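Same order as they appear, the protein sequences are chains H and W. Heads up, the first sequence stops at 287 in my numbering, and the numbers go up one at a time, no gaps. Heads up, the second sequence stops at 287 in my numbering, and the numbers go up one at a time, no gaps.
Careful: at least some of the hints might be erroneous.
Copies of the same chain are indistinguishable here, so a pair counts whether it falls within one copy or spans any two.
Said to hold, decoys possible - Simulated crosslink set (DSSO-like; lysine-lysine; CA at most 27 Å straight-line):
id, residue 1, residue 2
1, K134, K273
2, K150, K1
3, K134, K154
4, K263, K154
5, K146, K170
6, K273, K162
7, K95, K263
Hint data in this document are derived by calculation from the structure and do not stem from the laboratory. None of these values were measured; they are calculated from a predicted model.
Number of protein chains: 2
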Amino acid sequence: MKISIIGLGLQGGSIGLKLREKGHYVIGQDYLPLHEKWALELGLVDEIMPFAQAVKESDVCFLAMPVNYIESTLIKVLDLVDTQQVVTDTGSTKEKIGQAVKNHPMRHRYVAGHPLAGTEFSGPKAAFSTLFEGKKNLVCDIDLSDKNAVKTIQKLNTDLGMKTVFMDSAKHDKHLAYVSHLSHVSSFMLGLTVLDIERDEQQIFELAGTGFGSTVRLAKSSPETWAPIFERNQKHLSDALGEYIAHLTMFKKYMDTGNLDELKGAMSRANEIKRVLDNTPPNTSSNK
Amino acid sequence: MKISIIGLGLQGGSIGLKLREKGHYVIGQDYLPLHEKWALELGLVDEIMPFAQAVKESDVCFLAMPVNYIESTLIKVLDLVDTQQVVTDTGSTKEKIGQAVKNHPMRHRYVAGHPLAGTEFSGPKAAFSTLFEGKKNLVCDIDLSDKNAVKTIQKLNTDLGMKTVFMDSAKHDKHLAYVSHLSHVSSFMLGLTVLDIERDEQQIFELAGTGFGSTVRLAKSSPETWAPIFERNQKHLSDALGEYIAHLTMFKKYMDTGNLDELKGAMSRANEIKRVLDNTPPNTSSNK
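Work out the full structure: start from the sequences and follow the hints.
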């Protein structure tokens, strides 16, 4: 197939790399000429073309840019495509993108996607072909897309190494606020807090263990990518963040009053996350 | 050398395994007979002995148990040792342990240690011989220890694969509150918050990406180990936690008022943690 990718960062670049490996022909476009140059040099794409031409010449067009740009670009792309072409995206929030094209006459050629894959790095140089291996693409609101368009995206998900999971976009945004966006805020603010209170930078470097490194990893993520996600998922994320602050405040109170039993109780309940992430049923005692 | 290890969990077990590899003879003791049995079966120790005998027969005694038990046990151990023996520990807070033995006549045979190494797992079965490889042992208040005792511990640190870093215990506890303990609280409460607000457990399993997994990893840690650490480092950790809550509250306000510039600004400042952890000087632009 002929694939166009608009936005050649970590996600777009990795899609290009993998789909080229799978024998597809990949046309790239990025608003930064330097990213286009790197994408060619790194073999992420076969060819660079201007935006409208890239869209027009492809069977499937991927939008892989920050969510705030996806909304406006998606309209432009849908203005250009015909009933044989398919458009998809990699945006981490889905409800507002869906609303932006709700009444577009070509809405049915758009398949809303969200590959659950990423690293804390960004840009074409961060791309690698196994980014999506074993991951999931959350494909939303398929009742608004043509069946053959959905099938095409499912096929490409398989080529990328991803399982397709169908969801409703409102439900998607709510669950992602809890399971993905909140942990990014938690990590960003942990990084900033430690930088603000630990005046001696060298001590952070000297004393940081693997635990701190793991917890603060997401604080290295791109603000250009994540600020618009937080903004677009404001309602759900703000609720979740309020709950997180309430939990931390409760924990601080237990600490300040020396309530060791409540501290341990809260931590034991938090330990349950291991069982949930391992997908084992409750009351199964694990062998330590 | 003959080594005794009181407490055969992740840390004690890993010390035994590695020191046995290095040719030392290792005597173990744990308050749980099952842990003693596993430690023998897993080859973490050469032999199990009752507490007093284990201490008396060893050249160096390691206390590797939760910090609340170290204080009382350390006094008992110092009551037993002579001027040829050395005692050390693996406690994650150092000030209160030091205070507990401040006036003990054998204080000079104790060398306060804190190996900056661990995982989210606990118990003898979590032990592995490379746990300390390339890590640091923060050795505190060495002006209170005999020079030859400090030298012995430095030598054993080398055998364990660790670099020795000398610190003052008050400074230790403050810096560790920022760089280690706070990230544990952040992770514990993230896990608990998500469990509390996401009623559909299956969604957590289905939608959790590597980012969430990384941020919530420390929430799997043992409450028995960590609650006493938080309690003993209450003052510094409570201050740090207060700052963390303030940062999160500020971030929530930016989100709720749609202040995208401030959101991005805070995240860009948090990105600095990458440079600090890489130990590169400020104003060195990295090539994305």
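Quick rundown of the hints versus the structure:
1. K134 x K273: both (19 Å within a copy, 26 Å between copies)
2. K150 x K1: within (16 Å within a copy, 68 Å between copies)
3. K134 x K154: For K134 and K154, only the intra-copy Cα distance (14 Å) is at most 27 Å; the inter-copy one is 46 Å.
4. K263 x K154: This pair counts as neither: shortest intra-copy Cα distance 48 Å, inter-copy 36 Å.
5. K146 x K170: within (21 Å within a copy, 64 Å between copies)
6. K273 x K162: within (23 Å within a copy, 32 Å between copies)
7. K95 x K263: between (41 Å within a copy, 20 Å between copies)
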